[in-house]
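Colleague: As numbered in the working numbering, residues 1 to 152 make up the sequence shown, in order.
Hint data in this document are derived by calculation from the structure and do not stem from the laboratory. Each residue gets a CB set at the ideal place from its N, CA and C atoms; glycine is no exception. Heads up, some of the hints might be wrong.
To be verified - Using C-beta positions, here's what the derived DEER-type ranges look like:
no. : residue 1 : residue 2 : range
1   : Leu54     : Leu7      : 21 to 29 Å
2   : Ile63     : Ile86     : 26 to 34 Å
3   : Gly14     : Ile86     : 35 to 43 Å
4   : Phe52     : Ile86     : 55 to 63 Å
To be verified - The list that follows gives simulated cross-link-like pairs (lysine-lysine, BS3-like), each with its CA atoms no further than 27 Å apart:
no. : residue 1 : residue 2
5   : Lys127    : Lys148
6   : Lys127    : Lys139
7   : Lys95     : Lys109
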Amino acid sequence: MLDYFALGLLFFVGIVIFYGIIAIHDIPYEIAKARNHPQQDALHVAGWISLFTLHAIWPFLWIWATLYREDRGWGFIKDQGLQEQINLLQTQVNKAQELQEKILALDKKLYDIAQNNTHQNTNILQKIAQLENEIASVKLQLTQVQSKKDPH
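Taking the hints into account, I'd like the entire structure generated from these sequences.
Modeller: In structure tokens:
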């Protein structure tokens, strides 16, 4: 009886180890899939090949799968060109904000000048009207003086 139990346990352990090895060979592929790796298929095939090499290349597959990240590409340093573009865009945004502030200041000055000119124009029109009234009264006086000189 104990012999059958030992044999059953041996088969069970053998099957668990067999399927465990098959299950762990796919870990680099799952990592690559999660990171949207451009060489997912190659990693998957290499994982199956690693079964025949007794997983000797499996640690290298793990490294290969983890080197790529979708947000920064290969390696550990962010793309310097991208950072330079971000800095350039930030500089342009700052300049645009400064120009917008200058435009607002100039608009305010223009509005103030227009308000001042409107007030001055109103004063000028009033003075012109007064002068026209004075001219009309002077003309009236002149015609009266001329009519007194000429009796006909």
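Colleague: Does each hint hold? Answer for all of them.
Modeller: For each hint, the structure was consulted:
1. Leu54 / Leu7: 21 to 29 Å: Since Leu54 and Leu7 have Cβ atoms about 26 Å apart, the given range 21 to 29 Å holds.
2. Ile63 / Ile86: 26 to 34 Å: holds (29 Å)
3. Gly14 / Ile86: 35 to 43 Å: Violated - the Cβ-Cβ distance for Gly14 and Ile86, about 56 Å, lies outside 35 to 43 Å.
4. Phe52 / Ile86: 55 to 63 Å: violated (47 Å)
5. Lys127 / Lys148: violated (31 Å)
6. Lys127 / Lys139: Distance ~18 Å between Lys127 and Lys139 Cα, so the pair holds.
7. Lys95 / Lys109: Given pair Lys95, Lys109 holds - Cα atoms ~21 Å apart, limit 27 Å.
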